[in-house]
Amino acid sequence: MEETLLTANNIWMMVCTGLVFFMHLGFSFLEIGLTRQKNTINILFKNVFIICIGLLLYCFVGFNLMYPGSFIGGILPDYFIDLFGLSLPEDGLTAAYADGGYTYWTDFLFQGMFAATAATIVSGAVAERVKLTSFMVFSIIYVGVVYPIAGSWKWGGGFLDEWGFYDFAGSTIVHSVGGWAALVAVYLLGARIGKFGKDGKVNAIPGHNIPMATAGVLILWLGWFGFNGGSVLSADPGTTSLTLVTTCLAAAAGGVSCFIFSTIMYKNYDLTMFLNGILGGLVGITAGADLMTPTDAIIIGLIAGVIIVLGVALVDKLKLDDPVGAIAVHLICGIWGTLAVGLFGSMAGMDQFLVQLAGVAIVGVFCIVCAFIILFTIKKTMGLRVSKEEELEGLDLHEHGGMEAYPDFRMNQH
Amino acid sequence: MEETLLTANNIWMMVCTGLVFFMHLGFSFLEIGLTRQKNTINILFKNVFIICIGLLLYCFVGFNLMYPGSFIGGILPDYFIDLFGLSLPEDGLTAAYADGGYTYWTDFLFQGMFAATAATIVSGAVAERVKLTSFMVFSIIYVGVVYPIAGSWKWGGGFLDEWGFYDFAGSTIVHSVGGWAALVAVYLLGARIGKFGKDGKVNAIPGHNIPMATAGVLILWLGWFGFNGGSVLSADPGTTSLTLVTTCLAAAAGGVSCFIFSTIMYKNYDLTMFLNGILGGLVGITAGADLMTPTDAIIIGLIAGVIIVLGVALVDKLKLDDPVGAIAVHLICGIWGTLAVGLFGSMAGMDQFLVQLAGVAIVGVFCIVCAFIILFTIKKTMGLRVSKEEELEGLDLHEHGGMEAYPDFRMNQH
Amino acid sequence: MEETLLTANNIWMMVCTGLVFFMHLGFSFLEIGLTRQKNTINILFKNVFIICIGLLLYCFVGFNLMYPGSFIGGILPDYFIDLFGLSLPEDGLTAAYADGGYTYWTDFLFQGMFAATAATIVSGAVAERVKLTSFMVFSIIYVGVVYPIAGSWKWGGGFLDEWGFYDFAGSTIVHSVGGWAALVAVYLLGARIGKFGKDGKVNAIPGHNIPMATAGVLILWLGWFGFNGGSVLSADPGTTSLTLVTTCLAAAAGGVSCFIFSTIMYKNYDLTMFLNGILGGLVGITAGADLMTPTDAIIIGLIAGVIIVLGVALVDKLKLDDPVGAIAVHLICGIWGTLAVGLFGSMAGMDQFLVQLAGVAIVGVFCIVCAFIILFTIKKTMGLRVSKEEELEGLDLHEHGGMEAYPDFRMNQH
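Residue numbers (my numbering), protein chains in the order written: chain A, 81 to 494; chain B, 81 to 494; chain C, 81 to 494.
Derived from the structure by calculation, the hints contain no laboratory data.
Being a predicted model, the structure only gives us computed values, none of them experimental.
Incorrect hints may have been included.
If chains are identical, the list can't say which one is meant, so a pair holds when it fits in one copy or spans any two.
[Unchecked claim] Restricting the straight-line Cα-Cα distance to at most 27 Å, the calculated cross-link-like pairs of lysine-lysine (DSS-like) are:
| no. | residue 1 | residue 2 |
| --- | --- | --- |
| 1 | Lys459 | Lys347 |
| 2 | Lys281 | Lys460 |
| 3 | Lys459 | Lys399 |
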């Protein structure tokens, strides 16, 4: 009986793991779709690198760092039992591990897929001008060390968890952790050439493949079935299915409100706004997807959609250049989603709101400081940004031996 | 025990829900792939809009309208308990709801994903000339009201269900409901400029991205695992696995017969015919996927493939302009699939055939009348079709502020 | 109880079936992405054909040929009970069939999805110059007869199985079976015009759509969740989750080592090498994914990544023209993965290594001989290669009535 339930739960968790993995294709499509053709290979390389190195690092250090109590009991020497960090606990494949929700191996893989996501969020924001090696060094440290430490405070049973901070699937612990680093990186990197005119005018730099960007968002939405659905940490029928409903309704509401609000503001049916509104709704519901009624979820999504329009405008106003809107989507909506747990749903209340606010602030300060130290050090040593010539001619030409994304097509160079 | 089975069943239904959601990416790819580059943003906008608004509408009204008996017992005031239509019944998360097949939330979300499909079918047929706002108004009414009413006749336990009409996963209730509206819309809209020459010659207007169209069909095929597999409404091992086998064999047979028949007819290996043959096989098996043997499924698919070739030719002959072949695929093969339940498989028989025929006819008349009233009203008030200039220059230029799908690529304008 | 476990197991197997099906989109994207635009329709046609005909053939003959003992007990006449090969055994839907792991229908469909894979591997290697009809004839015979016979030796309980040969999910039985045929076909076909200069120089012929190739690899990686995860033949929580962990770690390690090694060799961040390294890692772990520790998996992947770099160079050196690297990925890493079972993990040992070697050799000889007979006969009768003119102008123009993959885009012809 118990064994059969473990089997069923574990199936769900493995399916969700696959869906979170698939989000990396979504991020890849979104990022190349919203940037220029001449940097496509470079962006894809970054994304593929992050998935691979993210998983390996999470195996070597991240998993143990993030969930220290779960199997090594804090006794460091045990860590070295298995060269590569993973060490199957005695009951790791039985229902005694994780309340019958999943096995030790599933635990690692599901969490490992999450780890790579934080770095991928940064990848979009720094696109088209970051040095590839510098970004690789940054993401190794950020995914390998910073993400698991922040994660351990909540999901590893750390002090934020003890305070009662709630972050179901990671509006703060994943999305804002990525978003804060994106903010710092964009600040340190500076804008792409041509983004801001001398007169202060903001020039749109259109993405080169909007169908791919759209596919990216739909794939991300599908991936969120696993991201939020798997964060139930079992296949409990009521909670998982409620979670999928709130997730999808928030996404739909975010898209619709963003589309309507941006149409009112800019008199234009803007597809990329619609898409970012969907993502905003998804990030916004992530912190409390299991706590909300459908009505709550729709309201959270509607507000997230409006936040996206305002957030994108604010980022532009601050002369920050974020090619894919990662700061508005992952950072600002991540904060909104975390705070929404104190405003809507079964945990709402002033006390909860303040704890949520504290969690947002503490994680924010930690991530800003860490990201700044890492990125500033890189900037002063190996450099963070490609040369002007390389940026103008495209990163594919210089960093990838002239490999072109679409060599048979005739292109306009921007 | 019962709880564990519910958990397992519910997992399957959630997976299937995700797969049906993913079909929207399939439809998007198929529709933009088979149309011209200059209308790509517009088509993607329509598709993204339909998913979002479809889910929200199904939450507000559709679900209650379609399954009135399931939880509010027809007592209208209960509807207002929850502002947004959904109201968890007391046993909604237990095995007492839906025979242990799934929870109330899963029920809503799975059915909600179906609802948006009907409008998406229309979207392809009207592409490249329909006014965006007009289409949005139409799809709100059609998805919000017409689809759930037709659906309630069968799946809500209405009169068609009482008569013994059988439509397992919706050859009629989903595909023909979309297909009839596509027919009416195409008739009222008229053909794209240049489609039919003055001499009566039919000019092919080639789609601009055939790899995307191909990807769309393969994604739709995968989505059908959930569309048909989930329509078992549990994870019953025998029925679900039989359903996947008949679904895949019909798809394969539809593709092969369509490819062979079209090669004989036109002396040409036509990839888009092959693809539409697969879709025809999928739509054709949908009404009886759980009733057929593999042999039946192959025969149904083989016939569907031939129907596609003839159907596309017929639509052309009638001077109807259906850019993606939606009428042949969803309407004609939807009818074929529904009738096939009376000819093949475990329910075959003259009585059944007549009931199937009656169901096809009644739903057809209802959909034609509704679609005509809605679309004709729109045509006479806000207008249904974009201006000649807008059509020639592309809808992306006019409705989306000149946003281009592929701004870095050099294009030929058609 | 037993019934509930069967339900859960069968869900997992159906999900895996869907994922293996989805690999065909991955292969399609990879193959067109790495070849030239002018042959895109032709390659997609081949891929779609293989999926459809592969499933139908596996239904007609393959399944019975490969698993003769499972239900017809070798009594040939029973074969004709059902016109199309499938014949549900009495206990086919109960836990008595396949130890409660899945139903008869799931068994057929999961295995059927594998069958088509072998031919698809060949498809990439022969791209851009093979005659479509000739390839269709070849793949019908190879998928319909050769693959199931080789498969029966191991998975049908044949002599390789009796010897103790181990091939969990098919490094040899699927990937090398495809890879050997690819080798023979490439040898008999000769190189594409322009690939090898008169001075012996190897000219790179760049693929026309690298984003699609990247998407293909990520989709294949996801598909491998099902390919390896489903090869457990149940949802046993420990084994399935271990399998996914080893699969993903090997993929990541393969990518990283291939990227680092190729960067050292060629001073260039080569995205397609990175991608092929991932595939090499996946193929390499396939034979023993359930036997390895995470550490083993990472080492196997690291070695596979190096093998890819050397293998691609070797194939070039031998003046064999394999546009997508199928020989290095599927054949060489397939051999590596099969031998690795004797070197790493719970079955490692000299005896096992020798059995693995014998299995590799026997299957290799069989496949080479069969592929040679089929392809040589085709070459001497209907011809294997398109005309020089057709190759230069593109296969889409000649075999598909001039259908273009991207008619609205301006192209450079190569």
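A quick look at each hint next to the structure:
Taking the shortest alpha-carbon separations for Lys459 and Lys347, only the inter-copy value of 23 Å comes in at or below 27 Å, while the best intra-copy value is 41 Å. In the homo-oligomer, the alpha carbons of Lys281 and Lys460 never lie at most 27 Å apart, since the shortest distance is 30 Å inside one protomer and 43 Å across protomers. Within a single copy, Lys459 and Lys399 get their C-alpha atoms as close as 20 Å, which meets the 27 Å cut-off; across copies the closest is 45 Å, which misses it.
In the structure shown, a violation is registered for the earlier hint numbered 2 alone.
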